[in-house]
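A.B. asks: Numbers given in my numbering equal positions in the sequence shown, counted from 1, plus 109.
Calculated from the structure, these hints are not laboratory results.
Any given hint could turn out to be false.
[Unchecked claim] Taking CB as the label site, the calculated pair distances span: (1) S153 <-> E217: 16 to 26 Å; (2) N129 <-> Q211: 28 to 38 Å; (3) K152 <-> N204: 16 to 26 Å.
[Stated by the list, open to error] With a cut-off of at most 27 Å between alpha-carbon atoms, the simulated DSSO-like pairs for lysine-lysine come out as follows: (4) K194 <-> K166; (5) K205 <-> K144; (6) K139 <-> K194; (7) K205 <-> K161; (8) K194 <-> K161; (9) K142 <-> K214; (10) K139 <-> K161; (11) K205 <-> K166; (12) K166 <-> K214; (13) K205 <-> K154; (14) K214 <-> K161; (15) K214 <-> K133; (16) K182 <-> K154; (17) K182 <-> K214; (18) K161 <-> K182; (19) K214 <-> K144; (20) K194 <-> K152; (21) K152 <-> K139.
Each residue gets a CB set at the ideal place from its N, CA and C atoms; glycine is no exception.
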Amino acid sequence: MRANRIFNYDETSSILRAYNDHLKDYDLSKPLKAKIDLLCWGKSKNLVVFFKTDNIKFKSSVFFNEDYCARDKSICFRNLELIGKEVELMISRTNKGYLNIQSAKLLEI
Numbered sequence: 110m111r112a113n114r115i116f117n118y119d120e121t122s123s124i125l126r127a128y129n130d131h132l133k134d135y136d137l138s139k140p141l142k143a144k145i146d147l148l149c150w151g152k153s154k155n156l157v158v159f160f161k162t163d164n165i166k167f168k169s170s171v172f173f174n175e176d177y178c179a180r181d182k183s184i185c186f187r188n189l190e191l192i193g194k195e196v197e198l199m200i201s202r203t204n205k206g207y208l209n210i211q212s213a214k215l216l217e218i
């Protein structure tokens, strides 16, 4: 799916159901290679980034107070040119079980 803009949260309600935000069966201690599928503005100054790897689709939020970046400020996900690009992610889980992007590296194809 290609997008020429960042969608609003309400516009993507049908798309949201296809993406998981937990990756329950995935080992998050290792880097994860994924393709950025879509960017979507959330409801409270967050940007929801939709990823796809193998047959798994998942999403994670990046926030305004982090400049819409991974925790280590390696990539700003606000850039529309990232849609369709492959990235290597280090992800952890929050106390509530949501995904938290610790670092991200753009992979050259």
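A.B. asks: State for each hint whether it applies.
C.D. replies: Do the hints match the structure? See the list:
1. S153 <-> E217: 16 to 26 Å: Check failed, 34 Å falls outside 16 to 26 Å.
2. N129 <-> Q211: 28 to 38 Å: 19 Å, violated
3. K152 <-> N204: 16 to 26 Å: 20 Å, holds
4. K194 <-> K166: 15 Å, holds
5. K205 <-> K144: Given pair K205, K144 holds - Cα atoms ~25 Å apart, limit 27 Å.
6. K139 <-> K194: 20 Å, holds
7. K205 <-> K161: This hinted pair holds, its Cα atoms lying about 22 Å apart.
8. K194 <-> K161: 11 Å, holds
9. K142 <-> K214: 9 Å, holds
10. K139 <-> K161: 17 Å, holds
11. K205 <-> K166: With Cα atoms ~20 Å apart, K205 and K166 stay inside 27 Å; holds.
12. K166 <-> K214: Judged against 27 Å, a Cα distance of about 19 Å means the pair holds.
13. K205 <-> K154: Measuring from Cα to Cα gives roughly 19 Å; hence the hint holds.
14. K214 <-> K161: Cα-Cα ~15 Å, so holds.
15. K214 <-> K133: Judged against 27 Å, a Cα distance of about 23 Å means the pair holds.
16. K182 <-> K154: 17 Å, holds
17. K182 <-> K214: Holds - the C-alpha atoms of K214 and K182 are around 10 Å apart, at most 27 Å.
18. K161 <-> K182: With a Cα-Cα distance of about 22 Å, the restraint between K161 and K182 holds, given a limit of 27 Å.
19. K214 <-> K144: 12 Å, holds
20. K194 <-> K152: 25 Å, holds
21. K152 <-> K139: Violated: K152 and K139 sit about 30 Å apart, past 27 Å.
Taken one by one, the earlier hints fail for this structure at numbers 1, 2 and 21, listed in ascending order.
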